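Chains as they are written, first to last, in the numbering used here: chain G, 1 to 125; chain Z, 1 to 169.
Mixed in with the good hints there might be a few duds.
[Stated by the list, open to error] Stretch by stretch, here's where chain Z covers chain G in the computed footprint (C-beta under 8 Å, at least three residues):
(1) 7-13
(2) 27-33
(3) 55-62
(4) 105-113
By construction, these hints were calculated from the structure, which means they are not laboratory data. No experiment lies behind these values; they were computed from the predicted model shown. Backbone N, C-alpha and C define an ideal beta-carbon position, used for all residues, glycine too.
One letter stands for each residue in the lines below.
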Amino acid sequence: MSLVARHLEEAGLPTVVVGSARDIVEECGVSRFVFTDFPLGNPAGKPGDVDMQTTITGMALDLLEGAWQPRTTTQTPFVWDAESNDDWRRHFMKVDESNRTALAAAGDQRRAAQADAKADGAGRG
Amino acid sequence: MADDRRTHRSHVSYIDKSRGYYGAQGYPQAYQWAYHHAVPFAALEKPLAECRIGLVTTSFFERKVDKGAVAGSGTKEPYAALCDDALGGLYNKDLFWDKDNTHTDDLDSYLPINRLREFAAQGRIGSLADRFYGVPTDYSHRRTSRRDAPQILEFAQQDELDAVVLVPL
Chain G
1 MSLVARHLEE AGLPTVVVGS ARDIVEECGV SRFVFTDFPL GNPAGKPGDV DMQTTITGMA
61 LDLLEGAWQP RTTTQTPFVW DAESNDDWRR HFMKVDESNR TALAAAGDQR RAAQADAKAD
121 GAGRG
Chain Z
1 MADDRRTHRS HVSYIDKSRG YYGAQGYPQA YQWAYHHAVP FAALEKPLAE CRIGLVTTSF
61 FERKVDKGAV AGSGTKEPYA ALCDDALGGL YNKDLFWDKD NTHTDDLDSY LPINRLREFA
121 AQGRIGSLAD RFYGVPTDYS HRRTSRRDAP QILEFAQQDE LDAVVLVPL
């Protein structure tokens with residue numbers, strides 16, 4: 001998505017990215033970025049929270065108007081879970097001793113399924 | 001929230017996490033993420049209140065998604081569709097959002113069509129374009145740069161957009 005934003009900018013069309021994967025967007029490098037520090041899925045605001053969605057969308061509009069140079073990032077003021085905000089961060093794509101064996105097995109299964117699909121496709125010619 | 005001290009940055013590094021996650025699944029070759037030093041920048045050419053704004057999502061219509069396909073396999077094509085047709089919600093269960101902690105049942109949490117229409121009604125923007133665009137999450141930089149991005153630009157030019165809001169899931 002950030003590559004698309006860059007392409008539009010190169011053609012003279014101003015863009016703003018609203019997202020939650022800060023490192024991916026900023027490494028790719030975009031002109032304007034509104035960062036919402038939420039679990040992936042709701043960068044434009046929590047489901048059902050119209051006021052929050054209005055604020056975040058408004059911040060994107062503010063940035064379209066106000067940014068004067070590329071790599072301008074603003075961060076929304078919202079916190080996903082004020083009581084235990086590190087829980088979702090730790091949980092997503094977690095790798096530790098509790099799941100290391102299961103992840104390795106899942107990878108083996110996935111590769112086997114892909115190899116089967118490939119062989120099947122080749123058989124159909 | 002109280003001030004704090006940390007040994008690591010607080011926001012999630014998806015680049016670091018996914019490298020560890022897929023490495024643990026036996027994929028030794030780490031994904032090569034896009035990195036650029038130079039960044040293009042285009043300024044608005046007229047007041048926002050006169051601008052037609054477009055939206056881009058990574059979600060697709062359910063009927064057009066091959067649910068058996070592996071995410072990022074290149075089987076999806078960029079598309080343009082009427083905003084009115086998106087209001088019932090889009091299909092994105094194949095994407096890597098955090099299914100343990102949230103959901104995407106509210107369209108405006110990932111594609112703020114209603115919120116932008118409200119801003120248009122208030123005069124903050126000129127209008128929201130009738131169409132929005134979808135672009136696949138693709139692990140191929142080449143497909144994204146050479147196929148998808150030019151297609152989205154073409155849609156934007158057809159719709160005479162003045163600025164674009166892109167919201168990746």
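Hint-by-hint comparison with the structure:
1. Closer than 8 Å: that is the beta-carbon criterion, and the region 7-13 of chain G has 7 residues meeting it against chain Z, so the requirement of 3 holds.
2. For a cut-off of 8 Å, the count of residues in the region 27-33 of chain G with a CB near a CB of chain Z stands at 5, and the three-residue condition holds.
3. Counting residues of the region 55-62 of chain G whose C-beta sits closer than 8 Å to any C-beta of chain Z gives 5, which meets the bar of three, so the coverage hint holds.
4. For the region 105-113 of chain G, the stated coverage by chain Z is satisfied: 5 residues place a CB nearer than 8 Å to a CB of that chain, which reaches the threshold of 3.
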